[in-house]
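So the sequences go chain by chain: Z and W.
The opening residue of the first sequence carries number 1 in the working numbering; numbering runs sequentially from there.
The opening residue of the second sequence carries number 1001 in the working numbering; numbering runs sequentially from there.
None of these hints come from the bench; they were simulated from the model.
Incorrect hints may appear among the rest.
To be verified - Some chain Z residues judged to face chain W by a derived CB distance under 7 angstroms, without partners named:
1) VAL28
2) ASP115
3) GLN177
Claimed, not checked - If you anchor each label on the Cβ, the simulated ranges turn out as follows:
4) W/SER1446 <-> Z/ALA310: 28 to 36 angstroms
5) W/ALA1144 <-> Z/GLY26: 30 to 38 angstroms
6) W/GLU1351 <-> Z/ALA299: 17 to 25 angstroms
7) W/ALA1319 <-> Z/GLN31: 40 to 48 angstroms
8) W/TYR1146 <-> Z/LEU204: 45 to 53 angstroms
9) W/LEU1475 <-> Z/ARG274: 25 to 33 angstroms
10) Z/THR314 <-> W/ASP1364: 18 to 26 angstroms
11) W/SER1123 <-> Z/GLY26: 56 to 64 angstroms
12) Z/GLY298 <-> W/GLY1243: 47 to 55 angstroms
13) Z/PRO55 <-> W/LYS1149: 20 to 28 angstroms
14) Z/SER181 <-> W/LEU1275: 19 to 27 angstroms
15) W/PRO1155 <-> Z/ALA310: 31 to 39 angstroms
We put the beta carbon where it would ideally sit given N, CA and C, even for glycine.
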Amino acid sequence: MPIAGKKALTFQELLFTLQKFWAERGCVLQQPYDLEVGAGTMSPDTFLRVLGPKPIRIAYAQPSRRPADGRYGENPNRLFRHTQLQVILKPPPEFVQEVYLQSLVAIGIDLAEHDIKFEEDNWEWPVGGAWGVGWQVMLDGQEITQFTYFQQCGGMDLDPISGEITYGLERIAQFLQDVDSIYDIVWSRDPDTGAELTYGDVRLHEEEQFSSYSFDYADVPKLWQHLELYETECKDLLSKWNEFSKEHERITKEAESLTDPRVVLTYDYVKNRRFPTMGAYELALKCSHTFNLLDARGAISVTERVGVMARIRTLIVGVAKVYAEQERLKARA
Amino acid sequence: MADLLFEIGLEEVPARMIAAAEAELLRRTVALLGRERLLPVGFDELSGAKSYSTPRRLAVLVKGVLARQEDVSEEVVGPAVKIAFKDGVAGPAAEAFAKKNGVAVGDLKIVTTPKGEYIAATSVKPGRSAAEVIASELAKEVGAMYWAKNMRWIPNEALKFVRPVLWLVCLLGEDVVPVSFGGRTAGRATFGHRVLSTGEAFEIVSPDSYEAQLAGEYVMVDVEARRHRIRKALDKVTRAVAGARWREDEPLVDQVTHLTEWPDVLLGEFETAYLELPEEVLVTVMRDHQKYFAVESADRKLANYFLAVLNIALTESNAPVIKQGNERVLRARFNDARFFWEFDQRTPLVERVKLLENVTFQKDLGSYAEKSERVRVLAAKLAEVVPGVDTAALDEAARLAKTDLTAELVKEFTELQGVIGGLYAKAQGVSSVAAEAIYDQYTPASMDDGVPRSVEGALLGIADRADTIAGMFGLGMEPTGSKDPFALRRAANGIVKILAESELPLTLSTVVGLAAKDEATAAKMMAFFRERVEFYLREVGGQAYDVVAAVMAAGADDVRDVIARSEAVSAARGGEDFAAVSAAFKRMKNILAQAKYELPETYDCWFETGSPEAELGNKASEVARQVDRLSRERNYGAALTAIASLRAEVDMFFDKVMVMDTDLKMREAKLMLLATIVRNFSGIADFSEIVTAG
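Please take these sequences and the hints and turn them into a complete structure.
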């Protein structure tokens, strides 16, 4: 796109600029979550932090893997792994759309020169018991952002709710740089020589190799084994928490029934705080990614699909419930 | 009197919900004012009230709202005189009563009731001001509005609304009424267009300046004006391409009207090479995914242009940028579609039949492979009843019909299932009859849609739907109330429509009998189909309830026959003779019901020659023969005229004859006569169902 007099942002400048923009509006900048996820929403920085009453503003880039979307690097608009910039605002500030539009100005989009629409698009992740209402933000016919007001997560109503802004960085970069193929996006420019590296230079080999891994090489029986191992361990952790939880309940009840003030019953809140709910969540995420690989491999029939998704849902919703309870107990301690 | 303006400023409301919400806000506001006696006598909603909306606001303007409610005076009856007054002097009871009703003791009256004399007071309930009423009541109306999907946004508050409320304006004349809703209190400040206006709030001076002031800030707040501007702009912009016109699409016009505050139209172009892709795919991408209008050239073929409706004014500087952006997006989408189109072709439909074994139709009904097999068998059985079917093509079509569910292009454009299968079949050398049947299998998609072009397409469509309905009914999964998760009503409507609008010699009982696994399922399905036929007669045929009930009573198995009968009855019911005969049928049925009379298996009755009974009997048998012949010719209009010609004899009969004769033998004979008539003339409709005037 011809922005008079100056070059459009490189891919990395785009990321910096958006991160700086949100940092200046009170966001904690977090690093990408170091596990395979399909979307920024699945990072615990979104999925777990939106639970409970504690306010948070956080932003992070999240490489998002979708094995079935890989095209061996041959399709100019589809990727095995794309990058989202995820912003969570809990609770969302007033006139949050205007704040968002200012972020577009920050990356060089002159609002008066474009057609911008907020079109209804409600988000739903049944496996996470999560949904929200919102829009896809359309810029000259291109969807560049998903904007969601989270209403439920882990099957629980959220209060306060969170506003989630998810920028599709590749699409925005394509738009800013006016390139038809993702692989032609300028990723970086050497400040001394002006030499450019493209998205293709940086990532094409990953797309090629991970596409063939997910479609052709991934070992289906072993993937099923992985899935079961991750699932079993996750379930074990969840049932351990249930024991903790029962113990807490028992001690609370006993303490309430005590009449002698000299007797003090204590519950081990440190043990509670250290309970690895996030570990359980990672195991559930592993299951989800393994499922996606099996799916890309064509190894899941439609009939099985529903059943496996229900299994993963049990894990993820289970973790969310534990996390919420753990946070409540922490607040009490 | 003053005008009332109320505006709710919102974050973008979903386009599909706006029209209904705008109408509801208007209806609720006017109803509230009416209920609260704040509208003048003879208030006319059409000229006195108006509503507005854009994606970011809903508003109503009501003219001539009364300044306050009239005072209401009311007579309140108090204690008995003998308790309230002692020797003509007011006691404590009288004083307390007067005080309670705000009158002086001297103003108390005496009323006489059947129970004796009581004191009474005329209490005046002062009317509230309009501002007071609106401030306290309007928010409740807003809170009660219906939304298909709503949200919470205020911490610790249960309030749900479609999207967060950003501002409220409420003016009564030039004064602010501080209505509070959704965490906001109304003032006079509103906002203009997000980008074209300054972005600063500005104040509405008075209700009648609302529309013009918003227009000054680039918001066309009147929906119809916006729609008109869009249509004009589409026309104008298309003129740049010689001989071209934009493809009319009312739902899309509606949608873009509700997506814009200040619309403009952009003409974009794409490479002619994409025109090699099927038109169906191109139009779906443009319309459903991009909300673009398709453009056709003089020969009605798709041209390599599109029209985008924008929410900004085009200028010399922004037009090239916006055009380029939209064109790039469309190109990427078309590229995707082409990629899938070419990718899918590598696995022909024939090879995909096997893949259907892994696609579940329904867990208890098996895979799509099994469904296809059932449909194939059912279609073949139906074809035995229908002359001139290319059975080989039908068989091939049924076998391949569902294979496109495994195609990438269908996964991308689910709304094109069937269509894409048909296109692939054609491209892969499947017979054109089979390809067309596959293409048409989901037609009609709605009651406004057409029916399959060929008899093979019609049979495939019927077999597919009947199999689904029979399968679900067999599992006890019939639709109930508003719950119809498998869209079985739509499936049955499709069958009824195909039977109604094609020439197939198929009855519902044939279809159901061949599809249902047992008698019980068949019976449930028949009842279900009857409802769908009724629905068709009313919604598509536009028939009145009584006509529908009358013709349904005479059977609905043959859909085209019941339609023909309904049309004839509907045309005849205005006639005086017909009305009289209908009324007479009602009378006959009542008499027979009261007498609990049932026609024996064999019977005969004789009346004296020349008697009204004999006249009616003779005329009725003559007419019955005519009606029988005319009905077989489906000339129901003439048959009804013949029935109406019974009027003289019928009238004479009821005039002169006492049916409930004390002579039991005579009574029996007369009842027999009436029962025969009722039976003989019930083949077209149950005339007693017809509602006649008077």
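Status of each hint after checking the structure:
1. Given hint, Z/VAL28 at the interface with chain W, is violated; its Cβ is 20 angstroms from that chain's nearest Cβ, farther than 7 angstroms.
2. The criterion of a C-beta within 7 angstroms of any C-beta in chain W is met by Z/ASP115, whose closest approach is roughly 4 angstroms, and the hint holds.
3. The closest approach between the C-beta of Z/GLN177 and any C-beta of chain W is roughly 11 angstroms, which is over the 7 angstroms cut-off, so the hint fails.
4. For W/SER1446 and Z/ALA310, the hinted distance range of 28 to 36 angstroms is satisfied, since their beta carbons lie about 33 angstroms from each other.
5. Taken as a hint, the range 30 to 38 angstroms holds for the pair W/ALA1144 and Z/GLY26, whose Cβ atoms sit roughly 37 angstroms apart.
6. The hinted range of 17 to 25 angstroms is satisfied by W/GLU1351 and Z/ALA299, whose Cβ atoms lie roughly 19 angstroms apart.
7. Between W/ALA1319 and Z/GLN31, the C-beta spacing of about 42 angstroms keeps the proposed range 40 to 48 angstroms intact.
8. Taken as a hint, the range 45 to 53 angstroms holds for the pair W/TYR1146 and Z/LEU204, whose Cβ atoms sit roughly 51 angstroms apart.
9. For W/LEU1475 and Z/ARG274, the hinted distance range of 25 to 33 angstroms is not satisfied, since their beta carbons lie about 50 angstroms from each other.
10. Checking the proposed 18 to 26 angstroms range against Z/THR314 and W/ASP1364 shows it holds: the Cβ atoms sit about 23 angstroms from each other.
11. Judged by the Cβ atoms, the range 56 to 64 angstroms given for W/SER1123 and Z/GLY26 holds: they are separated by roughly 60 angstroms.
12. The given range of 47 to 55 angstroms is respected by Z/GLY298 and W/GLY1243, whose C-beta atoms sit roughly 48 angstroms from each other.
13. Checked against the hint of 20 to 28 angstroms, the C-beta distance between Z/PRO55 and W/LYS1149 comes to roughly 26 angstroms, which is consistent with it.
14. For Z/SER181 and W/LEU1275, the hinted distance range of 19 to 27 angstroms is satisfied, since their beta carbons lie about 22 angstroms from each other.
15. Range check, W/PRO1155 to Z/ALA310: Cβ separation about 33 angstroms, and the 31 to 39 angstroms hint holds.
The structure does not agree with the numbered hints 1, 3 and 9 stated previously, though it agrees with the rest.
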